[in-house]
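Engineer: Could you put together the complete structure from these sequences and hints?
Here the protein sequences line up with chains A and B, keeping their order. Note that the UniProt record's numbering has the first sequence beginning at 1, numbered continuously upward. Note that the UniProt record's numbering has the second sequence beginning at 1, numbered continuously upward.
The set of hints was computed from the structure by calculation and includes no laboratory data. Every residue, glycine too, gets a C-beta built ideally from N, C-alpha and C.
Computed, partial: chain B to chain A, Cβ under 8 Å:
#	residue
1	53
2	78
3	81
4	109
5	114
6	115
7	116
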Amino acid sequence: MIRRLFIANRGEIALRIVRTAQRMGIETVLGASQADMNSLPAMMADEVALVGPAPSSQGYLVIERVVAAAIAARCDAVHPGYGFLSENAAFARAVIAAGMRFVGPEIVTLEGMGDKLAARALAVEAGLPVLQGGEAATRADVHARAAQTGYPLLLKAVAGGGGKGMRRVDHAGELDTALDMAQAEAQAAFGNAAVYVERFVARGRHVEVQILGDGVSAIHLGTRDCSIQRRFQKLVEEAPAPAMPESARAAIEDAAVQLARHIAYRGAGTAEFLVDADDFSFFFLELNARIQVEHPVTEAITGVDIVEQQLLIASGKTLGLTQAMVRPVGHAIEVRINAEDPELDFRPSPGRVVRAAWPAGAGVRVDTHITNGGEVPPYYDSLMGKLIVHGKSRAEAVERLGKALDTLVIEGLPTTTPLHRRIAADPRFIAGGVDTGFLAGLAK
Amino acid sequence: MSDDLPLTAEDVAEIAAILEHSGFRELDLSTRRFRLRVAKGDGAQDGLTQEWQWAGASGEIAADVAGVQADPAAICSPLPGTFYRSPQPGAPPFVNAGDTVGEETVIGIIETMKLMNPVHAGRSGTIAEIFITDGTLVTKGQALVRLA
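Structural biologist: Structural data, given as structure tokens:
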């Protein structure tokens with residue numbers, strides 16, 4: 001069993017991990033940067049260890065520093081959260097070499113899945129359908145691939161995730177500039193500038209499947225629909241994927257489990273698919289070998305604590321759940337409250353929150369590290385908190401969401417709350433089953 | 001730092017449920033470490049909110065607005081972050097002193113919250129001086145370059 005857990009992350013997910021670990025009787029040590037030493041997760045963890053200065057490139061992303069801090073804190077396991085080093089195979093290797101458990105999949109899985117191209121190849125091997133496209137090592141290769149796939153196309157970071165280093169390109173004239181930006185973002189976010197090219201599907205839905213595996217058996221916890229995105233950043237997520245035939249949903253879930261079994265997946269992961277909004281055909285996009293931001297909607301409908309499952313599996317336990325034990329109830333929706341100004345083209349708005357009155361009540365969950373006086377530093381991503389609502393039906397969840405958003409008050413900096421109020425009131429959203437073009441058609 | 005959490009999310013949900021079915025409008029709980037206020041909404045909307053205040057919960061002040069934009073010829077940073085003069089390490093800078101720029105010309109990139117935000121000149125002119133070296137943290141409103 002894990003006794004002392006090092007949390008190599010920050011913000012709401014660090015707090016989320018602290019909560020479950022403490023409930024399980026595990027001591028927690030938060031690895032924090034200088035900018036986060038007084039954050040809420042730092043106060044809530046049993047101990048705090050400094051991992052470096054504020055910029056991620058000098059702290060949270062430096063493998064030697066994070067591992068050294070975990071060793072010095074006498075931890076026996078490391079939870080990487082999401083982003084930062086969570087899918088970095090070299091980090092997992094260093095953690096294991098230091099005699100600690102890595103709360104995540106096997107290193108070979110991270111190597112296979114962290115490289116999006118290798119992931120495609122594994123998915124094909126497992127019998128899953130994928131989109132046309134592929135690798136492009138040089139600028140000339142990118143142009144050659146683009147000529148094959150045609151426009152519009154997507155440039156994606158090979159080491160990617162979270163929409164960083166991703167650019168949609170509509171015609172050849174934009175390709176060079178988009179490539180520069182995508183590579184710069186990929187370098188900044190993942191320390192790897194490599195990108196690949198993929199065909200862009202216009203009327204697509206983003207549907208993903210939460211999987212759990214112990215290296216031998218694997219199960220799924222159902223679908224999530226994350227089609228409402230802005231520049232490939234998810235804004236709204238719901239579970240299960242709405243307005244979809246049961247047979248289509250089952251086919252996607254089965255494909256995810258098939259992949260998990262094929263690679264003997266160990267831990268919690270998410271298989272992402274692009275689903276044609278018209279005929280429900282689907283294509284494998286990637287497998288995220290970590291906890292996802294949007295995991296709470298799955299927890300809401302299944303009652304499974306996914307972080308707890310991660311910690312149990314990392315402790316060497318076999319899966320205590322079978323597919324038959326997972327019985328989703330009702331519908332859940334999550335919205336991401338970001339420090340971004342919707343009035344100024346979603347410009348990041350770091351700063352101090354004077355007042356944060358988050359919703360409360362039946363069917364409402366809030367995962368946040370931001371309370372009155374809380375700080376949103378400019379060094380990290382803009383996520384301030386997640387509002388999750390759960391209802392017996394999707395209609396009830398939608399109604400709860402609207403009501404909760406009406407009561408939410410953040411003072412001190414602009415947030416995406418007004419945008420979410422418009423989304424929650426949009427007839428297309430209320431009807432359910434929107435595609436990734438939803439936001440472009442949203443009334444001002 | 002604590003031995004255990006004072007109240008779980010489930011506790012707060014229960015408090016909210018008790019409040020919802022009571023005649024009271026709010027619960028205000030203060031300890032040495034925190035203050036929690038669970039309250040009913042004001043108007044017809046009877047949604048509940050939770051507000052937490054933690055003793056000592058305040059990070060370092062992150063990049064305050066400098067607001068020094070006295071020079072009207074200056075192009076200032078639209079947001080706080082790290083300023084980069086070129087699209088990638090080793091690549092030639094977007095602009096150099098003496099270059100002519102138009103409204104849409106990109107003069108640099110500000111990396112904020114892991115996103116690369118291009119900075120446009122915003123007006124036409126000739127670059128007279130570049131104030132900021134590559135890779136420097138700048139505040140919102142800080143002068144980046146000056147037009148002649």
